[in-house]
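Let's have the full structure, built from the sequences with the hints guiding it.
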Amino acid sequence: MRKLRTWREYLIKRLASGLERASGYLQAALEESQIHGEPAVFLLALQTVIESQGGIPALAKQIETDPQILLEILNSNELPRVETLTAILNALGCQIAIQPVEAAESGGDNRDYFG
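Just so you know, we're using the working numbering here: the sequence shown kicks off at 96 and counts up by one.
It is worth saying that the hints were derived from the structure and are not from the lab.
Think of the CB as a built atom: it goes at the ideal place given N, C-alpha and C, for glycine as much as any other residue.
Please note that a few of the clues may not be correct.
Taking CB as the label site, the calculated pair distances span [as the list claims (entries may be wrong)]:
hint: 1; residue 1: Pro-162; residue 2: Arg-116; range: 16 to 26 Å
hint: 2; residue 1: Ile-158; residue 2: Lys-98; range: 27 to 37 Å
hint: 3; residue 1: Val-196; residue 2: Gly-150; range: 15 to 25 Å
hint: 4; residue 1: Glu-127; residue 2: Val-177; range: 29 to 39 Å
Right under this line is the structure:
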């Protein structure tokens with residue numbers, strides 16, 4: 096008989112199976128977080144990916160910080176500082192990328208302000 100798993104357990108197992116999957120999950124969570132103004136959406140996804148890649152203690156050791164401090168950062172209602180987020184993402188094999196918001200989504204025009 097198969098053991099029943101929670102959705103989170105299933106998700107962690109799937110995210111552990113490949114960097115592309117984990118980075119895509121984080122990208123989607125970041126977009127949702129930005130759209131709805133809810134940093135907690137991204138932070139929860141980040142915690143899930145961290146767990147899929149060995150957990151808080153392993154990541155804290157990799158980025159040379161105390162596990163408790165890392166946990167406090169991830170449990171806050173605010174996004175971490177850019178340096179902290181960059182260190183976390185680099186340790187996970189990901190990076191921050193900036194891209195334009197589609198003009199149709201933003202409702203703005205498509206003027207070139209710098210040229």
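Here is how each hint holds up against the structure:
1. Pro-162 with Arg-116: 16 to 26 Å: The hint (16 to 26 Å, Cβ to Cβ) holds, given that Pro-162 and Arg-116 are roughly 25 Å apart.
2. Ile-158 with Lys-98: 27 to 37 Å: 33 Å, holds
3. Val-196 with Gly-150: 15 to 25 Å: Distance hint for Val-196, Gly-150 is violated at roughly 34 Å.
4. Glu-127 with Val-177: 29 to 39 Å: 20 Å, violated
Figure legend: structure checked against the earlier numbered hints; hints not met, in rising order: 3 and 4.
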